[in-house]
Amino acid sequence: MPNLSSRIPQGTLRFIGSRLFRSLISLLLFQVILFSLIQALPTNIVELGDVVAAHGEGLEDFQMSGSAEPAWQQFITWVKDFYQGDLGKSTSLGMPVVDILKERLPRTLLLLLPGTFAGFLLGIWLGKRVAWQKRGWLELAATLGGTAFYTSFPPWLAFVMVNAFGLSLGWFPPEKIIDPMKWFRHDVTINEVILKLFLTLGAAGLTYLLFTWMTRKYFWFRSWLRAVGGVVIIILAIIPWITSYYGPLAADILYHLALPLITLTLLSFGETMLVMRATMVEAMEADHVPTARAKGLHDSQVRDRHVARMAILPVLARFILHLPLVFIGSFILERVFYWDGMGEILIQAAIDNDLPVLLGVLSVVGVGILLAYIIFDLLNLWFDPRQRIIEGAEVLIQGEI
7 MPNLSSRIPQ GTLRFIGSRL FRSLISLLLF QVILFSLIQA LPTNIVELGD VVAAHGEGLE
67 DFQMSGSAEP AWQQFITWVK DFYQGDLGKS TSLGMPVVDI LKERLPRTLL LLLPGTFAGF
127 LLGIWLGKRV AWQKRGWLEL AATLGGTAFY TSFPPWLAFV MVNAFGLSLG WFPPEKIIDP
187 MKWFRHDVTI NEVILKLFLT LGAAGLTYLL FTWMTRKYFW FRSWLRAVGG VVIIILAIIP
247 WITSYYGPLA ADILYHLALP LITLTLLSFG ETMLVMRATM VEAMEADHVP TARAKGLHDS
307 QVRDRHVARM AILPVLARFI LHLPLVFIGS FILERVFYWD GMGEILIQAA IDNDLPVLLG
367 VLSVVGVGIL LAYIIFDLLN LWFDPRQRII EGAEVLIQGE I
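With the numbering used here applied, the sequence shown corresponds to residues 7 to 407, in that order.
Among the hints, a few may not be true.
As the list claims (entries may be wrong) - Below are the BS3-like pairs computed for lysine-lysine, each with C-alpha atoms no more than 30 Å apart in a straight line:
id : residue 1 : residue 2
1  : Lys188    : Lys108
2  : Lys301    : Lys182
3  : Lys202    : Lys182
4  : Lys108    : Lys223
5  : Lys223    : Lys140
6  : Lys202    : Lys188
7  : Lys86     : Lys108
8  : Lys202    : Lys140
9  : Lys202    : Lys86
Stated by the list, open to error - Estimated spans, in silico, between C-beta atoms of each pair:
id : residue 1 : residue 2 : range
10 : Arg232    : Glu288    : 41 to 51 Å
11 : Thr83     : Gly211    : 13 to 23 Å
12 : Glu288    : Pro246    : 41 to 51 Å
13 : Trp143    : Tyr261    : 32 to 42 Å
14 : Phe217    : Pro246    : 10 to 20 Å
15 : Asp193    : Trp143    : 49 to 59 Å
16 : Gly142    : Glu288    : 18 to 28 Å
The hints are simulated quantities; they were obtained by calculation from the structure and are not laboratory data.
Note that CB positions come from ideal geometry on N, CA and C, so glycine has one too.
Let the sequences and hints guide you as you build the complete structure.
Quick look at the structure:
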């Protein structure tokens, strides 16, 4: 009988490999269903009588794309091109789909990633504190607010935010991604500034994670130390932008980003907070919690290390499973705020019946969701040591068979 502990690293690698293989199969099945549904649309570009798309280059592209071939041959050709990085050419815009993604994807990620993660972290932070305190004004306010935002219809909340803070109070611009008057003298694209913003956010985030890891042993004043460190990191990240040529342009993008970002954060945090609160209450009844208290650990240590660490797993699972809904909500917000991202181009492609754009964009979204599932599996192994043993044993059994 082989030693289980010595085989766990190898088992983990095999586990990751099996997840990658399953994800590839899932992507292919998703593309089959997606292609079949889009092919089942009642009309095509020529039948729609779209003069712009059905004449000239648009008609040639449509005829040369193999649309006269049987559906299964079209699918094989498209899948082969997809895995070679060729997503086809838009029949309505006349541009390669890859170029459209390069232009629109950074703008969507600038809204989607910060808004989703801010809502998730806010929900985790509030949920564990509300569950730990059990009763009080914080529980009442957080529960009412979380329920209200969780049950809100995204377009309705977006229109409320636009009317209240954009039109009535005038605190934020109600629409668009930039103010053209501030950009017409600058020979800089929006995506260049967004890329620099991503680099700054990534560097600041990694620095803060390293700082939190370095201060993990200083428990009694760790919270204050991390708060001060976070403020210092933010200041150090902002200073180069103040003196930079790109500073005013980045400020303009962030100013227009504020309202849709706040809206997406509010829509995201409610469910996470409610689920975290429920799982915390359940985890507090586990047998290891009284043992941790009996060791003389501080309440914050018991809460964060022994309760929240186990309670966060169902929250992560629900968050990952609901990622498609998060993407849809983000795309709808882009339409309401006229944020020129993937959501705007995807909705317009559905209106124009632009099949290459629909297939390409939705396939890329599917790849992103599957990658998120793989990351969740790895986080699950890290948060729950029992999973490492289970997966290692599973691989050993399969190997012996």
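### Task
May I ask which of the numbered hints given earlier this structure violates, with the numbers listed in increasing order?
Of the numbered hints given earlier, those the structure breaks are 2, 4, 8, 9, 10, 11, listed in rising order.
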